[in-house]
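Produce the complete structure using the sequences and hints provided.
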Amino acid sequence: AESGGAAAGEAGDDKITVAIASAVTGPKEEVAIVAVGTKMGYFAEEGLTVDTINADGSVAAAQAVASGSADITPADTGSLLAAVQGNVPIKTIGGLVQNWPWQIAVLPDSPIRSGADLKGKKVGVISLASGSAPYARAFIRDAGLQPDVDVELVPVGVGAQATAALTNGEVDALALYGQAYTIIELAGTQLRYLDNPPVFQGIRSLSFGASQRELDQDREKFVRFLRAAYKSMLFSAANPKAAMQMGYEVFPQILGGADPASRIDSDTKTLEKWLESATPLQGEPADWKSWGDITDEEWAKTQAYTKEAGQINAEIPLDRVWDPSLLEAANDFDAQLVLKQAAEYQP
Amino acid sequence: MTTAPAADEVTDEVAPAKPTRGKRFDLRERPELILVPAVFVVLVAAWEFLIPLLGIGDYVLPRPSRIVEALGQQLGNALFWQHLEVTVRESIIGFLIGVGTALVLGTAISQVSLVEKTLMPYIVAFQTVPKVALAPLFVVWFGFGITSKIVMAAVISFFPMLVNVIEGLRAADADRIQMLTVFGASKLQIFRMVRLPSAMPFIFAGLDIGIVFSILGAVVGEFIGAKEGLGYLLLQTNYNFDIAGMFAVLIVLSVLGLIAHFIIRFAQRKFAFWAEESRVIAA
Amino acid sequence: MTTAPAADEVTDEVAPAKPTRGKRFDLRERPELILVPAVFVVLVAAWEFLIPLLGIGDYVLPRPSRIVEALGQQLGNALFWQHLEVTVRESIIGFLIGVGTALVLGTAISQVSLVEKTLMPYIVAFQTVPKVALAPLFVVWFGFGITSKIVMAAVISFFPMLVNVIEGLRAADADRIQMLTVFGASKLQIFRMVRLPSAMPFIFAGLDIGIVFSILGAVVGEFIGAKEGLGYLLLQTNYNFDIAGMFAVLIVLSVLGLIAHFIIRFAQRKFAFWAEESRVIAA
Amino acid sequence: MSLRTTGRPDVDTASVPADEEKWINIASLNKVYQARRSAPTHALSDITFSVRRGEFISVVGPSGCGKTTLLKILAGIVKRSSGEVRIAGADVTGPLPQVGMVFQAATLLPWRTVLQNVMVPVEVQGLDKNRYRERARELLRMVGLAEFENSYPYELSGGMQQRAGICRALVHDPAVLLMDEPFGALDAMTREYMNVELLRIWAESGQTIVLVTHSIPEAVFLSDRVIVLSPRPGRIAEIIDIDLDRPRELSVMSSDRAGVYVDRIRRHFNASVID
Amino acid sequence: MSLRTTGRPDVDTASVPADEEKWINIASLNKVYQARRSAPTHALSDITFSVRRGEFISVVGPSGCGKTTLLKILAGIVKRSSGEVRIAGADVTGPLPQVGMVFQAATLLPWRTVLQNVMVPVEVQGLDKNRYRERARELLRMVGLAEFENSYPYELSGGMQQRAGICRALVHDPAVLLMDEPFGALDAMTREYMNVELLRIWAESGQTIVLVTHSIPEAVFLSDRVIVLSPRPGRIAEIIDIDLDRPRELSVMSSDRAGVYVDRIRRHFNASVID
Ligand SMILES: Nc1ncnc2c1ncn2[C@@H]1O[C@H](COP(=O)(O)OP(=O)(O)OP(=O)(O)O)[C@@H](O)[C@H]1O
Ligand SMILES: Nc1ncnc2c1ncn2[C@@H]1O[C@H](COP(=O)(O)OP(=O)(O)OP(=O)(O)O)[C@@H](O)[C@H]1O
Ligand SMILES: [Mg+2]
Ligand SMILES: [Mg+2]
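Chains as they are written, first to last, in my numbering: chain A, 1 to 347; chain B, 1001 to 1283; chain C, 2001 to 2283; chain D, 3001 to 3275; chain E, 4001 to 4275.
No lab work stands behind these hints: they were computed from the structure.
Values in this document were obtained by computation on a predicted structure and should not be read as measured data.
Among the clues, some could well be false.
Here are the simulated PhoX-like pairs of lysine-lysine, each with C-alpha atoms no more than 20 angstroms apart in a straight line [stated by the list, open to error]:
#1 LYS3079/D <-> LYS2187/C
#2 LYS1187/B <-> LYS4022/E
#3 LYS340/A <-> LYS289/A
#4 LYS2227/C <-> LYS121/A
#5 LYS122/A <-> LYS2227/C
#6 LYS340/A <-> LYS241/A
#7 LYS301/A <-> LYS340/A
Simulated coverage check for chain B against chain C, where a stretch passes if three residues somewhere in it have a Cβ under 8 angstroms from a Cβ of chain C [what the hints assert, rightly or not]:
#8 1082 to 1096
#9 1126 to 1133
#10 1196 to 1204
#11 1248 to 1257
A virtual CB, placed ideally from N, CA and C, is assigned to each residue, including glycine.
As structure tokens, then:
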């Protein structure tokens, strides 16, 4: 079966398997990175052939990487921290989603206008064992309320299930990530968002975690992968529609049997939403620098948040988690050329 | 489908006036030919018209008309048939492995009580473990490909079959075993000539449960981490907010289960006829 | 556990020299008393020492020593016992509902062939639908609380029981039914006095499968959206990358399954003794 | 040992204005078994006879001639192919409550003790258990199974199972008693003893009895009339009135008159060559 | 109709240097059934006798005295409690291949046709199916079941099932034949016919036969010796040599000598009062 991965003719010598930390394929990292990198030949240029597997969540993805089923995964940074604490031989080698993707949303006519209004209400989270629960708790705490006392968390999942819970009044607000909201809105439900307080600024969501073993054997391979990945991101940011079309070609299963023409617009919007969280909010793509960098301050915030969420129980020495040494070489690419390719792209 | 008679139908031994299996269907004889579609139509109609009335959104429970539309679209899509084929393949292979293992192990367990005592606790213990939670292990052991799904299908169809095989092989009539023993039959011959035939109703019950569960197992396996198969398609349609499409897939799964069930029941009537017939025409 | 005799043991009718159920355990008589723990020790030892040798990290399959440690930690935690209680409650209620419904429906189906023809296709069709995929619906219908998990447990333990009840009620000996019929027994009396006892081996097989699956169902239900229960604890430990803790929960689930299984088997020996005894002491 | 009959009034039959002479009435009865995997078997052909109320009638005939089939049709558990079958005026389309039956194979329920098995008709018909339990015990004592009342069927010998089956058919004192070779598995002495007991019970209760037997002397000793069936398909070869005085003792069988009856019936069997 | 015996050489027995006079040897045999839910039953008490090679011996005794138990111990499917049981010199601890048995209940396999049921011993012992199928058909013809060879057991009457069971025990021509009331469900005429046939087969094959029967005349007609058992627990009451010339015809039973034997055995039964 024609399934995901390197469909392009010019295959490199080195193989890299990317574990997608989600059971489904969608307009997110696999499209912006894998599909575009493959279709545009960025991986081939680096002598790489890239394949994907779907792991059910960040923990499973980290396990897949650590046990050799995959080489690298864009996984939740908190999970990567937890993995390291659990002595999993995995190292973060670059950032991916740099802007906080989680938000609280309510129905447009909801009386809830600020965090404080959540008192006595119910907030829908994906599940109590997912990133959305610690986020909701942190949000509630910041609003001066006590989670699980003043506000009840209810696991509602995403998509239709979450929508139903909100519109039926089973919950008063949702705590989901941006792209999940886009899907809900595109399906016809209007939402209003509460502003995230500044505490969330700088907490990292997805980052690239690589197998320590592979890394020790061939660092260069990962440098080349990161470079191609960031180039692909830049391309996608510049021409998300083209990226989405490549996504359909490389991962036809994204469509789930639907007609591409009927989905391209909404999927492009979803992809844009994802890219928005994964790339700097300010400036023009041409000015974006230091792809994948995570500052020590960001790490500190992320560690504190992860600890608060209970995923780790002590701060982890940075050098055990973080190996930024690949980034300089990974950033060594001609951004203008990529932008040009994006502008001139013809399917 | 011919079924066992109800109590007061025991008297109903084939009277000459009543043709047993006429070529032409007499609707009074086979009311199910009207009833099954009737129930279907009523259910579907209720579904179609009640849903909007109850204010249930299409994104929770789409109306049949939408689903049929989505189904049509799926059936016209080549990729869908690939997904279907993958799931069918996983289910069948998993079913055969699960049921085969259960037959062998069930035989050993029912025949050698030491094997039972040594193995059974572990089998039961393993059976209660939610395999979905073991996903990372499964995937490490069996890869992200089709194998892990086959294993899932096999594991979930294994236990119902095992329990039924054990119970069935034990249900054999002691007098019949004694009879064969006197004539010098070996354990194997007794097994083949008495235990196995006696166990047939149990074995077919196990097969029936097993085939239905193996489809379930394959689909759940696809939930864990797959790139193809109907389980994957379910996740994808759900993710895409294509709830009608998701229901279309669910319907395809139901039809798969039904077909499998009827194949098993057909085999039962072919290969275990005596139970049925001696029950119907007992005297 | 007393089990059916193997073929050449049929002759083994209780000889006076051999005490059937001695108060003191003779190990030659009951080798399982050594074998089961022995197998356990060997398995655990192999696990403990092979895992590092094979280069399998603790983060995929932790060593037993780690798991025991994590287990100890869990058992010392009051919250853990709450989770356990929730899951046990869900499983038991779900089991009772599932199995009860299966008994009633199975009875109707096996007794009235029209019910079978009208209902059975829908039941089979529903059974193949992966309930996990229906989660949104379940949650909408049954809420986010314990009910949806009970329903899940009930639904998954229902089908194996149903199939076994149907098969079992049909397996009744026609001569016995005729006998009761002559003495004027009503359908209900025939059911109670012949069909039900005859179906016992089937029913107990169904109960055995059902109880094990109902635990599975409750846990899977808790995966979908729960705030408590062992399934939730599994998700939580997994999310926290506490793989040893996760395995500790899995072990607790296994033990639950084992206990349930042995309760069912014990009940079987109490309430369906005749099958066992007439088999052992047949003459 | 005395065995009181319970004297239960026979409500069902009493309410029907039936002909006492044709208490059981069979006319032009035919039975064809239509097996699915083999050829149809013509079991009974054009059977016509009737039984008086309170009569003791025996049916003899070669193995496979349809005797069991005839009893089962009377019991309402096998459907006739054509003809008329009436008991106490009522068309037999299903089992009638006033009918009891002893089966050719004992057919005890393995999950019940001997006493519980004997009590089946009492339980089924909702009669007073305590009262009938005594009667059941008495019957078990009569057939020599007193010490086995708490045993399970698999602990009994073949003949003991058959005796338990006889007790079961008698316990609720049915107005019509159908007996399919009830004494087949018994030794000659037990059999004769049981014959005498059966006659005593019959005399006390006034039951109508149809007995299938392989023993021609037994048929003569017990019956008012003996119906002789021809080999399959069973037809009535002869119906013989047994004109021996009642009450009968076993010694009557050494009389010449009894011998004549026995010889007369035997002749039918001699005529029917097997294969 | 002629029934050749297949003349299969009896390898197993030939290789054992056994006493022809004590071909079957039973000494101080005891059997106690130890039921779990009721009191133990003493079925056989101190049984001692032996059977010559080629002898025809019958066992009679009241119902429940342990006849079936005795045969099953000989067949190796019920364990003795104490005592010695040997066939052809070999201690009986399990079934021996040269032994065939007719069961009190026919015990046919419901998933096999009549012919397939009769062929069970042939299949089990790996004998030449084609050769024995003919013999099986001949035996079925002899017992009047020729047209039922493709029927299933539930389509047979009780007596027909029993006859099929007899064919099954005879088909592989076993050296030792144990028969547990083989003719109990047959009418008098069929029974006599089967008796004559059995004697003919026995004369041709030289089998050693142990027959349990309830019919005293049958025992006298067929046997070289009759073992009379007392009521439970079965003890040997008497062993009677039947000194009637062979080959025997049915007419021998009207002879005085036969009558004397029958009366002598009957006396044992009269002595044993039931209950
Ligand atoms: N499996 C058993 N468990 C317990 N007791 C048994 C068992 N089989 C037989 N008995 C008892 O042993 C005694 C002898 O039984 P057996 O079947 O040998 O009698 P039998 O002489 O063949 O009688 P019949 O002529 O009625 O067939 C009986 O009292 C019976 O209750
Ligand atoms: N359920 C059945 N299906 C087909 N044929 C049957 C069935 N029951 C009986 N028969 C056939 O009907 C005929 C009469 O059987 P029935 O049992 O009435 O004989 P019977 O006179 O009782 O014989 P026996 O003395 O051997 O018990 C037999 O040829 C038998 O093969
Ligand atoms: Mg009969
Ligand atoms: Mg016996």
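Going down the list of hints, with the structure as the test:
no., hint, verdict
1, LYS3079/D <-> LYS2187/C, "18 angstroms, holds"
2, LYS1187/B <-> LYS4022/E, "31 angstroms, violated"
3, LYS340/A <-> LYS289/A, "17 angstroms, holds"
4, LYS2227/C <-> LYS121/A, "16 angstroms, holds"
5, LYS122/A <-> LYS2227/C, "13 angstroms, holds"
6, LYS340/A <-> LYS241/A, "15 angstroms, holds"
7, LYS301/A <-> LYS340/A, "36 angstroms, violated"
8, 1082 to 1096, "violated (count 0)"
9, 1126 to 1133, "holds (count 7)"
10, 1196 to 1204, "holds (count 3)"
11, 1248 to 1257, "holds (count 6)"
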